[in-house]
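Chain A is fixed; fit chains B and C onto it per the hints.
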Amino acid sequence: MIISRLINKRICNATALQRAVSSTSSSQNAITSESPKHRRTSLVSPSYRFMYPEFLPDPKPEWRNLIREKLERKDMLARRSKIEMPSEFYVGSVLAVTSSDPHAAGKTSRFVGICIDRQGCGLRAKFILRNVIDHQGVEVLYDMYDPTLQKLEVLRLEKRLDDKLYYLRDCLPEFSTFDLNMEADILPEGSEVPINDTKAVLKPRPWLERWERQDLKGISNLEEFLTPKMVRQAKQRETPWEQYDLMKEYRRTIPAEEQSQIYSEVYSELHQFELARKKMKRKRNIPSKLA
Amino acid sequence: MLRTSVATAFRSFHTTTPCQEIRKLARLRVVDNSEIGKRAMAEGKPPRCIHVYNKKGVGLIGDKVLVAIRGQMKKGILVGLKQDQKTKVPKFDSNNIVLIDDNGSPLGTRIHTPIPTILRTILKEKTIAKGADYTKVLAISSRFL
Amino acid sequence: MSFLIKNGTQVRNIIFDFSRLRISPQIQQTRGRTNLNRPKLKNPSWFVKKERAGFQDYITPENQTFIQEVLHEQFGAPAIIKGVQSFQSHSLIKSDELEKHAWDPAFRRTGVLGRKIGQYPLWLKDGKRIDTTLLQVVDNHVIKYIPPEEFSPSIKPRINKLNKYGCLVVGSESVDPTSLTKDYCGLFRDSGVMPKKNLGRFIISPEAQLLPGTPLNVTHFKVGNYVDVRGKTVDYGFQGVCKRHGFKGMPASHGVTRTHRRPGNIGGGGEKARVWPGTKLPGHMGNRWRMNKGLKIWRMNTQYNVMWVSGHAIAGPTNGLVYIFDTILRLRRPGLSPPFPTSFEEENKESLPVDLYDDEVHRFEDSTIFFEPEKV
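Which chain is which? The protein sequence lines are A, B and C, in order. Numbering follows numbering that gives the first Met the number 0, with no gaps: position 266 of the first sequence is 265. Numbering follows numbering that gives the first Met the number 0, with no gaps: position 73 of the second sequence is 72. Numbering follows numbering that gives the first Met the number 0, with no gaps: position 233 of the third sequence is 232.
It should be emphasised that the hints constitute simulated quantities derived from the structure, not laboratory data. These numbers come from a predicted model, not from an experiment. Please note that the accuracy of each hint is not assured.
List of simulated lysine-lysine pairs, DSBU-like, C-alpha gap at most 35 Å [said to hold, decoys possible]:
{"hint": "1", "chain 1": "A", "residue 1": "LYS163", "chain 2": "C", "residue 2": "LYS127"}
{"hint": "2", "chain 1": "C", "residue 1": "LYS127", "chain 2": "B", "residue 2": "LYS123"}
{"hint": "3", "chain 1": "B", "residue 1": "LYS23", "chain 2": "B", "residue 2": "LYS85"}
{"hint": "4", "chain 1": "C", "residue 1": "LYS292", "chain 2": "A", "residue 2": "LYS59"}
{"hint": "5", "chain 1": "B", "residue 1": "LYS54", "chain 2": "C", "residue 2": "LYS295"}
{"hint": "6", "chain 1": "C", "residue 1": "LYS292", "chain 2": "A", "residue 2": "LYS125"}
{"hint": "7", "chain 1": "B", "residue 1": "LYS123", "chain 2": "C", "residue 2": "LYS124"}
{"hint": "8", "chain 1": "A", "residue 1": "LYS277", "chain 2": "A", "residue 2": "LYS198"}
Non-contacting residues of chain B with respect to chain A, defined by C-beta distances greater than 12 Å in every case (computed) [unchecked claim]:
{"hint": "9", "residue": "ILE35"}
{"hint": "10", "residue": "VAL57"}
{"hint": "11", "residue": "ASP101"}
{"hint": "12", "residue": "THR108"}
Note that the Cβ used here is the ideal one computed from N, Cα and C, for glycine as well.
For reference, chain A alone in the conformation it holds in the complex (with noise of 0.2 Å):
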């Protein structure tokens, strides 16, 4: 009687859901509303972000659930300690890929190639590998997380101009050849990720896209086969007011205090990989020096 008669206000009509988001939010902001001086220095690095995308959710938030997002973690963690997964790789790095195949029982087989796409997040990631073996140009679509995967080595690690080297497709064979038997290249530890500006040389027309309309950097030779209509058309169609927009950046990515939240969960069993690995390359480097 008391309650129904004194009440006004709506205390609890927060789902479980806004809740925690809420709860979380708050927590984080107890963290960084604290003067500059004493603020805790995140171990998070905020390379992290482009290290390990696949942990980030997706950022439609009609999509979201957080308990959804943290079991799906911890089983990527789980999967990654089993596999030999390399810490970083981009798009444009050069990837060999030992996998087992059901149809070819008791063997391995390992294919190597330019990564020319990684999409998708969570368990659900996933990358394209782009070779030509025998002439014949080939792309294999790997689960990232997929169990029958026996091994994942990074053999170049770089970046090159573009997001998306799909280009590579209508490009002479040559630049997207890599030797199968290939060494990998370390890079000394602590450098920044070099970034690879080759240019590579498109194929007349027909070409699978219309490239002239993407902006690309990494095309040498595309003026040489347009024609005006082609140009005229490309810049109608051009959008450089987006980089601009705020509210599409926003709605693109996951707000800075989530994501750094998400890695800082993520943090101390990806570090402890880490540090594995580079023992394991330790211990690899030694014989290989004294022979």
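Chains B and C alone, transformed into the frame defined by chain A:
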């Protein structure tokens, strides 16, 4: 200049990209060393698919097709496709076939491009006991992916 | 009148009788489908107005904290239980223990209310990738049991021998009662649990009845068994035929004017010069209850009350409410006894593992799959 001369030298110079889908009249690429296949590719007159032996009429990897090649009809097996594949199955830059005869034995003696391992399972399933044996195609391949 | 039409012979007899009486009856002809799938509004017996109108009472903060204190004394302090915001509820009702029955395949158990929280793939031990949807059982408690004698819903569900079955009202997600009406809160008075946000009813055998206040968890089901999941599809509102039925529309050019996304012809001429019942036309799309039957439970997490079921087409948006219950498909019913009438987690709290997997599923913490050649 060079391009125009190429265009005039061969009558059937195509200005379209290879089809993402194998259906009737799709151009294919012969990847074995059979005489007829080599000639057709060298002339710049690649074979055309004139029938797909399945219920859908759209060829998938491992399907048998009937092709028109140098004025003849030959059968072939699709060993590599340009369309998107499942994970771990390679996708090629061209639509490749290996020519076979009615018993399933290949006309050539070597395949000079890689072929996907999934064909081992698919062709084994399609082989009919005491009928066509398609697994002979696997025996002449040089590299599996 | 409508029940007369359903039964053709009766109608004929009555017409015959009436004609002898020389009274011409007016029977309205109904054409076509009478049971069109339009969203129906049927309020169950326990439906009462739920949310209170918000008005200003101007009470002091001290009074507010006092109210909260009273509330928490009665129902327990707020706590996160299995990943869901709830209250440390303790069953207030002390009643006699129910008689225990052994499970029989003919018995209908209760279901649970859950939320669809997303989907992600799992891999089987043979390397195959399967798509699974995650369903979370959110803070479920039994509210009320209605025995078969008293259970007479206004609209009868299509179940044979309905008079043999009772009804169990299950609630999910505790909320602060201060936002709710007195009538709605009164529904929970005898159950001893905090008022719930969602209520659902499940038709059960009397042998499978549960005491009010019993918590229902994901362990109510067993990994490897099959469930049906009922959810409300996404509400798209009034939509045209292209979106609603997947019509192709008409060309963008070549002389087409203003009919790019229209249905085109909707009826013939001559004898059939009318729109036939059931013709696909624009209309309301979504916001209907739909059921996915026979979904396998691949995995369970007892810490967060989550289950992984096969498929990715479960009705409703992410975070939408779903009903989860034993499948009605005969060939997929369990052969062995599921927890009957439900699993009481408090009894075997220690021995319960966090993750339960089906035998076919590859666990992520297991080592990488390597395909051994078959031994001949």
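Hints breached by this structure: Hints that this structure does not satisfy do not exist here, as all of them hold.
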